[in-house]
Amino acid sequence: MSDRRVPLTTDGGAGTVHTPAMSDAALEDRALLDRAQDGDMEAFEALVERHEDRLYGLALRMTRSEADAAEVVQDTFLAAYQNLKNFRGEAAFGSWVHRIAANNALMRLRHQRVVDAVTEELRAPEFTERGSLAEVPEVDWSRSADEKVLDEELGRAIRQGTDALPEGYREVFLLKDVEGLSYEEISEMMGISVPAVKSRLHRARLALREEIDAFYKEV
Amino acid sequence: MFTCKDSIHSLLEYVDGELSEAQAAELREHLRACPPCVDFLQSYKATPKLARRALVDEMPRELAGKLKAFLRTKLPSK
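Protein chains in written order, with numbering that gives the first Met the number 0: chain A, 0 to 218; chain B, 0 to 77.
Pulled out of the complex, with its shape left as it was, chain A reads as follows (with noise of 0.2 Å):
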């Protein structure tokens, strides 16, 4: 197993280009990362406040323990004052603590681990001999993700059917379609080629519609 690390952990994204277009919340998190950057311990703490749940929602879902949860988001902050001084600003400061966090579960993750991804636990379509579709989709669910309110059972079939996923499809998916980082970023991160990226995802995407569609066909 690789152990290598995203080279972008701690100093705010070498070689990232500064967007033009920032939000308010990244103008908002710019202003308190000067104010800290200058030892300012109020506007780190403010920084803390503004990112800490996302932060532990992340280390959550991809180390399944609460504990485990605590203490990346933990180290994440630590790490990020530690450096906030080489923190050139050219990525926000959001996915910058992100990245790290993510770094910091997949190396907990890794120390933990036992047994690699177990491929057969992943829920997936089937198919009849001759390649159609063997169930037919019931209910056309996809614009539930588009209304105003999630339903709340649906949202915990959701998390559970995300926990459930085995260790390295879970983390890819988490990265890439809850995070929104690059297939690149992901690769290097967790020590596996892009196409293996790619695949993960896919059956990720794949089990998890089955548990959103298995939701729905029973309500």
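Simulated from the structure, these hints should not be mistaken for lab results.
Quick caveat, the model's predicted, so the values are computed rather than measured.
Each hint should be verified, as a subset may be incorrect.
Here's a subset of chain A near chain B, in silico, CB distances under 10 Å, partners left out [claimed, not checked]:
hint, residue
1, L26
2, A30
3, F43
4, E51
5, G56
6, E65
7, Y80
8, V135
9, R155
10, K175
11, D176
12, Y182
13, L200
14, H201
Idealized CB from N, CA, C, for every residue including glycine.
Based on these hints, arrange chain B on the given structure of chain A.
For chain B alone, kept in the frame of chain A given last:
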């Protein structure tokens, strides 16, 4: 013959716009004649959107308090 299985196996590259023109044309032709695969494609595309919305967790307030206390012990106060 291009089947539902072929169609579903190529969805990731299709959604990413990475299929060759010939492959994309083959898939589009299959989709025109296969409503179940169209539904499947829609739900495949909706899955990450739903996940992004469902996987928002709030850090428990007690934990957030402990984090703040921890950072205050580790970081210099100025």
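Structure versus earlier hints - violations, ascending order
1 and 2
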